[in-house]
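S.K.: What follows is each chain in one-letter form.
Number of protein chains: 2
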Amino acid sequence: MSPKKAMIILISVFSMQTLFAQETKVSAIAMENIKLDISLTAAGVPVYAVSYKNKPVIAPSEMGFALMDAKNLHSNFVLLSTETRSVDENWQPVWGEVKNIRNHYQQLNVHLKQKTTGLLLDIVFKVFAEGVGFRYEFPVQPGLKYFIVANELTQFTLTGDHKTFWIPGDYDSNEYPYSTTKLSEIDNAAMVAKSTSISTRVAPDNKAVQTPLMMKSADGVYINIHEAALLNYPAMQLHVNNNNYRLTSSLVPDAYGNKAYLHAPSHTPWRTILVSDQATDILASKMILNLNDPAKTKNTSWIKPMKFVGVWWEMQVGMGGWNYSDFPDSLGKDGKLIPNGKHSANTANVKKYIDFDAASNIKGVLVEGWNTGWEDWFGNWKENVFDFVTPYPDYDVKEIVRYAKSKGISMIMHNETSGSATNYERQLDTAYKFMNQFGFPAVKTGYVGKIIPRGEHHDGQWMVNHYERVAQKALDHKVMVDMHEPVRPTGLQRTYPNWMANEAARGNEFNAFSDDGNPAEHETILPFTRLMGGPMDYTPGIFKLKGYAAYAPERQLHTTLAKQLALYVTLYSPVQMAADLPKNYLAKADAFQFIKDVAVDWDDTKILEAEPGDYLTIARKEKGKDNWFLGGITDEHGRTTDISLSFLDKGKKYTAIIYADASDADFQKNPEAYKITKQTVDANSSLHLVLANGGGVAVSFVAVK
Amino acid sequence: MSPKKAMIILISVFSMQTLFAQETKVSAIAMENIKLDISLTAAGVPVYAVSYKNKPVIAPSEMGFALMDAKNLHSNFVLLSTETRSVDENWQPVWGEVKNIRNHYQQLNVHLKQKTTGLLLDIVFKVFAEGVGFRYEFPVQPGLKYFIVANELTQFTLTGDHKTFWIPGDYDSNEYPYSTTKLSEIDNAAMVAKSTSISTRVAPDNKAVQTPLMMKSADGVYINIHEAALLNYPAMQLHVNNNNYRLTSSLVPDAYGNKAYLHAPSHTPWRTILVSDQATDILASKMILNLNDPAKTKNTSWIKPMKFVGVWWEMQVGMGGWNYSDFPDSLGKDGKLIPNGKHSANTANVKKYIDFDAASNIKGVLVEGWNTGWEDWFGNWKENVFDFVTPYPDYDVKEIVRYAKSKGISMIMHNETSGSATNYERQLDTAYKFMNQFGFPAVKTGYVGKIIPRGEHHDGQWMVNHYERVAQKALDHKVMVDMHEPVRPTGLQRTYPNWMANEAARGNEFNAFSDDGNPAEHETILPFTRLMGGPMDYTPGIFKLKGYAAYAPERQLHTTLAKQLALYVTLYSPVQMAADLPKNYLAKADAFQFIKDVAVDWDDTKILEAEPGDYLTIARKEKGKDNWFLGGITDEHGRTTDISLSFLDKGKKYTAIIYADASDADFQKNPEAYKITKQTVDANSSLHLVLANGGGVAVSFVAVK
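Sequence order for the protein chains is A and B. Under the working numbering, the first residue of the first sequence carries the number 294, and numbering increases by one thereafter. Under the working numbering, the first residue of the second sequence carries the number 294, and numbering increases by one thereafter.
Keep in mind that a hint or two might mislead.
No copy labels: a pair is met if it fits in one copy or bridges any two.
Mimicking DSBU-like on lysine-lysine, the simulated pairs with C-alpha atoms at most 30 Å apart in a straight line are [said to hold, decoys possible]: (1) Lys438 <-> Lys626; (2) Lys691 <-> Lys766; (3) Lys364 <-> Lys487; (4) Lys328 <-> Lys348; (5) Lys691 <-> Lys726; (6) Lys675 <-> Lys392; (7) Lys597 <-> Lys889; (8) Lys771 <-> Lys348; (9) Lys700 <-> Lys918; (10) Lys771 <-> Lys726; (11) Lys328 <-> Lys839; (12) Lys438 <-> Lys635; (13) Lys656 <-> Lys876; (14) Lys766 <-> Lys675; (15) Lys406 <-> Lys899; (16) Lys406 <-> Lys889; (17) Lys916 <-> Lys475; (18) Lys364 <-> Lys675; (19) Lys591 <-> Lys626; (20) Lys364 <-> Lys438; (21) Lys656 <-> Lys971; (22) Lys675 <-> Lys726; (23) Lys943 <-> Lys726; (24) Lys589 <-> Lys675; (25) Lys635 <-> Lys589; (26) Lys726 <-> Lys589; (27) Lys945 <-> Lys916; (28) Lys945 <-> Lys635; (29) Lys626 <-> Lys406; (30) Lys364 <-> Lys408.
Since the hints were derived computationally from the structure, they do not count as laboratory data.
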């Protein structure tokens, strides 16, 4: 640390002490190792602090807002009253990592009044065993009816220069690799500048990072900051002060630089802080789900987790294309588009995927590029791109749906909006009626490109409302939805149980269309960051790890084949793609057996080992069955671990089928080498697992009858 | 003229001469008194000039564009080729001022290529007997596919310091009174600052004015600049150079300051210049209609011009309200809105209007405030305001429609969007199906407030496209539409014959809710400005001209009663409201007879006398009938005129019923004094008409059988 920095920190600590010399203590609540303190500063600013095992984790941090028209809800507050409440209940998700979720917290409602204006502000805190959630509530009051949030002033003042796993605070994209630096080193400028993207990049503050933000202190405390139940509000990014380790809420703006248009009574999303000295606790936490509202419907029998294949990777690797024609502006002599002969979404080709599915215990086929408009869909900021109901001439919807149904397979709809949300909204009714008419149970949506309404961003309030409108429309039509390029999730899958998954991160596809691909550590970080908010459609399961893209033969995935299998367990999602080409699976049918077998819905989950950026081992029990599945992954470094199988049901015998890296496997030199072994195990057994550099291991535990 | 100004103009003329010393003449075309010259400057900038009776009207003026990414389509052009074409044809509008429209012009297509880039630009000119229209066309070409217009650089260089009738170049409103100044005096800052409005005002350039812009030169030449067929492009305002009288196209921007997102092949709207030494020629011109595309449908039998009354003025004058409750945020003990007892749109009240209509040869009843949401609809920039299908509890749609139908009356739907176009677009299908279901043949839409998408303006490209989407949706559902607070019209009523009228100007309503109201000259200017683009729903026919608003008893209309009658003829619209309360009509049933009788669709129109800002006299012949109607109005100065009735059908006798100002009438002191006389006339007769200060005269000519 430079002398200058040390001085700044000293001054900062001194200021805080001065400040708190005159503070008014409001209240404190605690649960297990977590303690929360609330105060008002001498200036009447509400301040909170969090400690873990009696050590400060969040130093005193201010709360409040700057509003438009020079109003604020920040200082000059006095305490009106507080209320506390204790809750301990259980609930069952429609689908998820566990069958039963405990919701156990202490609640503190703080009622504040601004002396100068009489304005009222409530702050509601919930303290769980693993962390804290709080949100602002704006009660009905004469002086605050419709109002505009200029800035949210919430601080998260950290107590040291923590190791941090971060991506830039981009208003439009989460599709970055993670940087691992100290808080003092965070600067996203270089990363933003070098990023290649299929989407737009807008990251004007080089000190801003996205949430969920994962940190680890020098003394081994893991801290995760995110938000829960992001509705009718922009995404919260965090502006990092490199000197005093203070993070400040930075909301994604609209065209006018305004943050949120609110109407009392209303409230913000929950700001969440998870803390533990066990990394596994962070992953096991259900606090974010608990802070979301219950499901909007009880009629959920139509919501079914599923695996699926897709007419997709073949386009990613250049074997075919989304577009039917290469000449969007000129038609042939017959007045029709001139086919380019490379259109993947054609009836015959799709039937091959259906046939493959039917033989593979996979129930869905996603087809991209089926509808007209792909000739010039990308990068033009074009408003009227797709109509979501008009297939290309070589795609026979009726026949494909008939054929799929005859084999017990469901077709998955694809609605790419190209970022033109206005165009999609105009056609939502038509699009979802079309899905109902032809029996599509699920839709993958996409937002590749700059947003229309122009001036809005993917992560701003308007688009947050848009995603909810889409989820609601899908719910109304009994369609499951998987959104690509939306705002990152915040646990809303509890409220909208048909909102199965999102992309909102750098997925496997970057291994196809970027030179860098995803680093070997990428999937060890995702669960601690992006996945904290909800399932990701990462599209795992690539078997051909080198030479898959003829147009860029040097590209390879930074993973072994066994690791690709492990991702079905370590990257939780109720919809999991088997992303590679059928022929690549058929060539390694023994390894593909794991993808056939692995479940997508679970009764129980055990986070066995975890270290962000390094490794992760998870075991899960199949929903309504006795089978367990285990996935273990590592970063670029090989790893050996002994895993106790004590999670297995006591007294039961299991056949463990172990899909491991071969002894000579290496994610760079020999990624596709694997070996499959079987052994009989029980809860008293342990497994000795050896993971190659960039490797992984997947295990099926089939209960012996 | 100050010495400084004279010097600037000399320099300016000198520059032009230098410029044109090296120019390349491209072509010239002419029709009757209008001549158009096209050149390329030495720098390769396309330049046009217009003369009238051999006197320059538009001095050499540059054309072209600045595009995004530092591209331009302005200089370095060379001429590739030109084509000419002559057209003389006739067509019949679905409804209009005349039965038959002649479309007679010389066309010149100029094909340009930019030397430096190879980019192609076409400019198409059409020269009519009364003026010039031109537009830019962007052909399909490799270097220009999707592109963004940063600025349009079209100039209109006037040749003198003309008298000009203008309103500010506001991005969101046309609801201003007209200023009459010299070009050198134009500055809108004071007008914008003092304006009261129900809408938003955004006029950042105090030298910008709205079109249609009406001017008169010192030597008596009338010049009108506007545009035709505004589709997929922002409205063109004009930036005025006070010193050299050069107007430059100034397009309404979006959130990013961008003007238009285009995709070749595409084109701009037509830029129109009308010129005549007769003011009446300007009003009689059909050039703007001729520059629009023919009707999109031939199935137009359901499109019917009509008069209507409305549950509307009673709210404007404070007798009732749009809102059902005064407490939007709190419900009564029954869980329902608490009625305020002042809600005008209730079933019993609406039936009174239906009864009045049935006795009055008026076929429509508009009801505002019928649907839920009016408690907090205004001024909150709120996105989800109205749903367009949910009536207030005291408004029984089914019963009202049944009752109206039983009396041969049509109910007119009202869809106020509050500027939230996104919300309206999401519900368009639902809203228009509702109209179809209940048999509403027409809808009045409204856009009071700041636009959502936030960052867009009423007059920008996105909203221009929105209005067209609404017109198309209405066409699809066979609904006539009357838009309030849209972009000002540009003749699109030809293409969308169901797009009956617009507001887009300062209507009669300002006499209710503003202290200033509309000045006496207002309606003598409107036909030369706003109405050049299309019909206006001005809502004439107020009979109670003082003391109508109990809450502001000092307010009065700046018009006599006879002038209110005359407006049904002078302010053309196929939908005309009888705006006052039934009781005020019943109190002056003899005068109301004119409103009962006057037609709303015409076989012929004669502009008999006109001087913008001073007076206007028009005669029109009823569609398919022998009857003629005449309207004459004046400004604040009384006027005497002798009108030859030579327009009447030769050899026919007519009973002329003359609704004139009483001899002691005066718009300020005695506005409601009128006298009605009858006489028998024919085409050889003339009428001696005396108009009071701020007065008018209306005449029915009923053919004697």
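S.K.: Next step is simple, just say for each hint if it's right about the structure.
M.R.: Status of the hints after comparison with the structure:
1. Lys438 <-> Lys626: between (61 Å within a copy, 22 Å between copies)
2. Lys691 <-> Lys766: Classified as both; 23 Å inside a copy, 28 Å across copies.
3. Lys364 <-> Lys487: Answer is between; shortest inter-copy Cα gap is 26 Å, intra-copy 40 Å.
4. Lys328 <-> Lys348: This pair counts as within: shortest intra-copy Cα distance 9 Å, inter-copy 87 Å.
5. Lys691 <-> Lys726: both (15 Å within a copy, 28 Å between copies)
6. Lys675 <-> Lys392: Neither. Shortest intra-copy (44 Å) and inter-copy (41 Å) distances fail the 30 Å Cα cut-off.
7. Lys597 <-> Lys889: within (17 Å within a copy, 65 Å between copies)
8. Lys771 <-> Lys348: Close neither inside one copy (48 Å) nor across copies (71 Å); limit 30 Å.
9. Lys700 <-> Lys918: This pair counts as within: shortest intra-copy Cα distance 24 Å, inter-copy 70 Å.
10. Lys771 <-> Lys726: both (10 Å within a copy, 23 Å between copies)
11. Lys328 <-> Lys839: neither (50 Å within a copy, 71 Å between copies)
12. Lys438 <-> Lys635: Result: close only across copies, 23 Å inter versus 57 Å intra.
13. Lys656 <-> Lys876: Cα proximity of Lys656 and Lys876: one copy only (18 Å, versus 71 Å across).
14. Lys766 <-> Lys675: both (24 Å within a copy, 21 Å between copies)
15. Lys406 <-> Lys899: Cα proximity of Lys406 and Lys899: none, with 45 Å in one copy and 69 Å across.
16. Lys406 <-> Lys889: For Lys406 and Lys889, the Cα distance exceeds 30 Å both inside one copy (59 Å) and across copies (61 Å).
17. Lys916 <-> Lys475: neither (40 Å within a copy, 81 Å between copies)
18. Lys364 <-> Lys675: Between copies, since 19 Å is at most 30 Å while 38 Å is not.
19. Lys591 <-> Lys626: Answer is between: at 29 Å across copies they meet the 30 Å cutoff, but 55 Å inside does not.
20. Lys364 <-> Lys438: within (13 Å within a copy, 47 Å between copies)
21. Lys656 <-> Lys971: Within. Shortest intra-copy distance 27 Å satisfies the 30 Å Cα cut-off; inter-copy 85 Å does not.
22. Lys675 <-> Lys726: both (24 Å within a copy, 29 Å between copies)
23. Lys943 <-> Lys726: neither (49 Å within a copy, 62 Å between copies)
24. Lys589 <-> Lys675: between (34 Å within a copy, 24 Å between copies)
25. Lys635 <-> Lys589: neither (43 Å within a copy, 37 Å between copies)
26. Lys726 <-> Lys589: Both: 21 Å inside a chain and 28 Å across chains, each within 30 Å.
27. Lys945 <-> Lys916: Within one copy only: 17 Å inside, 93 Å across.
28. Lys945 <-> Lys635: Cα proximity of Lys945 and Lys635: none, with 52 Å in one copy and 75 Å across.
29. Lys626 <-> Lys406: between (74 Å within a copy, 28 Å between copies)
30. Lys364 <-> Lys408: Close inside one copy (13 Å), not across copies (56 Å); limit 30 Å.
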